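Chain by chain, the residues:
There are 2 protein chains.
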Amino acid sequence: MRIGIDLGGTSAAVGLVDENYNVLYKTSVSTNDCKTEKALTEKLINCVHDLIALSGVSLDAVDSIGIGSPGSIDIENGVVLSAGNLPLFNTPIAKILEDEFHKKVYLDNDANCAAWGEFHAGAAKEYNSAVMITLGTGIGGGIIIEGKLIHGKDNRAGEIGHIVVDIHGKRCACGRIGCWETLASTRALIERVKAEVANVPYSVLGNVVAENNGVVDGKTLFVAMKRGCKVAKSIFADYIELLGVGVLNVIEVLRPDIIIIGGGISKEGDTLVKPLVDYIGETSTIIQTSQLNDNAGIIGAALLYLQ
Amino acid sequence: MRIGIDLGGTSAAVGLVDENYNVLYKTSVSTNDCKTEKALTEKLINCVHDLIALSGVSLDAVDSIGIGSPGSIDIENGVVLSAGNLPLFNTPIAKILEDEFHKKVYLDNDANCAAWGEFHAGAAKEYNSAVMITLGTGIGGGIIIEGKLIHGKDNRAGEIGHIVVDIHGKRCACGRIGCWETLASTRALIERVKAEVANVPYSVLGNVVAENNGVVDGKTLFVAMKRGCKVAKSIFADYIELLGVGVLNVIEVLRPDIIIIGGGISKEGDTLVKPLVDYIGETSTIIQTSQLNDNAGIIGAALLYLQ
Chain A
0 MRIGIDLGGT SAAVGLVDEN YNVLYKTSVS TNDCKTEKAL TEKLINCVHD
50 LIALSGVSLD AVDSIGIGSP GSIDIENGVV LSAGNLPLFN TPIAKILEDE
100 FHKKVYLDND ANCAAWGEFH AGAAKEYNSA VMITLGTGIG GGIIIEGKLI
150 HGKDNRAGEI GHIVVDIHGK RCACGRIGCW ETLASTRALI ERVKAEVANV
200 PYSVLGNVVA ENNGVVDGKT LFVAMKRGCK VAKSIFADYI ELLGVGVLNV
250 IEVLRPDIII IGGGISKEGD TLVKPLVDYI GETSTIIQTS QLNDNAGIIG
300 AALLYLQ
Chain B
0 MRIGIDLGGT SAAVGLVDEN YNVLYKTSVS TNDCKTEKAL TEKLINCVHD
50 LIALSGVSLD AVDSIGIGSP GSIDIENGVV LSAGNLPLFN TPIAKILEDE
100 FHKKVYLDND ANCAAWGEFH AGAAKEYNSA VMITLGTGIG GGIIIEGKLI
150 HGKDNRAGEI GHIVVDIHGK RCACGRIGCW ETLASTRALI ERVKAEVANV
200 PYSVLGNVVA ENNGVVDGKT LFVAMKRGCK VAKSIFADYI ELLGVGVLNV
250 IEVLRPDIII IGGGISKEGD TLVKPLVDYI GETSTIIQTS QLNDNAGIIG
300 AALLYLQ
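Residue numbers (numbering that gives the first Met the number 0), protein chains in the order written: chain A, 0 to 306; chain B, 0 to 306.
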């Protein structure tokens, strides 16, 4: 058995994964309340101990631990160089966990772990090459070619959210103009919904937002579409084009066997993928949503030993 | 020794490549006058015989033949499915040459061969991963990761000229809007120069074009820049941004050790690359022009056996 840790800016999920790549037990802890490296790593360690206790499995039965982390990673040395809003800076996280658990600890970035999970146990398990596109605050990418994770120089391959698709577009947080994630991330979609609701408040979409106390999230648009809202359908049609142009870009460069769409919005399934496939048109690359959903990162981290 | 054939829409170059990856002898023939598959393949066969005669080397000393072809390729079976304006349709070109020369014949696409040549004998020989970007009528790409050519599904990886960079831009020959090659190919640059000369005829650039009997080619802009032409410098500054945005896109996706700029315009060397590197700013990916120039395709084809 293996342990996989999916470390995120809000929470960390820790799972026990069996030889058939199933998550037997999992638990999670908040991470956004950890102010120091020590507080965060101790919380992760306790979470692993809790998982072991919960599962009733002996720690001896665990062969290795894998961690998927956001940010900039030194994979070879198991060091998190920086990790967005988490208090990790040049943190030798693999060694810290190895010292505690006396198991080999593997580290990779979160997008790569999600791709690796889908590749071995999810949507891509029948294929040789895959790109996982994770839609969230930004757009992340994990690339697998001929069964190998592609890390690139300084482990920075797969930053597909920063492909420029609109040279006259909006400035991205990265400083450049017109990055794909300024248009097609879930955050960009939410911003568009908010702007349209402000413009056209007396729509079904506006009602959905009002019912939700004014909060717009990744589901809002889809709820309104299910109620037949024309405004929502129009926003969604635009969104599919903006999402599609980047998916096509990834296809042109890498022509993988399969592209897997992940992130919370991917739970919409065919509602999202069918129009996307229609937009993209004829291509030999298959397009599907994540099969493992929230477990992709845990399973991928647990399976890092397979590299 | 190996023979490499660099097949193009206008001409084919055939070279004899030694064990140190040098082109010992080379010859070429026109291809745009071949109306049938038979006429073209016979011309290629005669060209190889001519090369052998020219070199004084025995055919016995040739270990294999490699072909780089434009268009759509079935690498596994050595078949050219289609090749732009060349009369090749489902042509088993490897078998045709094998039957004639009784040597193993390898086939790949032209962009991959150029990348493969630079990887083994040119700008990328010290590196593990490289992307060759060939600027011409369109923009081609050859991708090498960890020493392996990346072919993708249906051998269609590396079509980097069709990354959409301007979602509100011009329609590309491929049918989509705003592909990188509509802005940054040598053809796009030439069109821009023509338009500016029509707009501002009394410029140094206009004089250069007039001296060349109204013909604009890939060198025109650079000749005018050397004479201090402000119009030419302004066009070039725009071009560097349009070229740079696509190079950055390739870096974001693949983060290779090196990007090699090829095609006729790459002979401008530092005049092209220095401002490009300045535009791109800090990155761990090295950017250089082709070292092998016109020989990259021949050498890469000759070395296809190394895959």
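Keep in mind the hints are simulated off the structure, nothing from the lab.
All values reported here derive from a predicted model rather than from experimental measurement.
Incorrect hints may appear among the rest.
Which copy is meant is left open, so a pair is good if it fits within one copy or across any two.
Within a straight-line C-alpha distance of at most 25 Å, the following computed SDA-like cross-link-like pairs (lysine to any residue) qualify [said to hold, decoys possible]:
1) Lys152 <-> Leu275
2) Lys273 <-> Arg175
3) Lys225 <-> Asn292
4) Lys152 <-> Ala194
5) Lys34 <-> Val272
6) Lys42 <-> Val199
7) Lys169 <-> Tyr126
8) Lys147 <-> Glu75
9) Lys169 <-> Ile279
Going through the hints against the structure:
no.: 1; hint: Lys152 <-> Leu275; result: between (31 Å within a copy, 20 Å between copies)
no.: 2; hint: Lys273 <-> Arg175; result: between (31 Å within a copy, 20 Å between copies)
no.: 3; hint: Lys225 <-> Asn292; result: within (22 Å within a copy, 58 Å between copies)
no.: 4; hint: Lys152 <-> Ala194; result: neither (39 Å within a copy, 40 Å between copies)
no.: 5; hint: Lys34 <-> Val272; result: neither (39 Å within a copy, 45 Å between copies)
no.: 6; hint: Lys42 <-> Val199; result: neither (45 Å within a copy, 68 Å between copies)
no.: 7; hint: Lys169 <-> Tyr126; result: neither (36 Å within a copy, 35 Å between copies)
no.: 8; hint: Lys147 <-> Glu75; result: both (15 Å within a copy, 21 Å between copies)
no.: 9; hint: Lys169 <-> Ile279; result: both (24 Å within a copy, 18 Å between copies)
The earlier numbered hints that this structure contradicts are 4, 5, 6 and 7.
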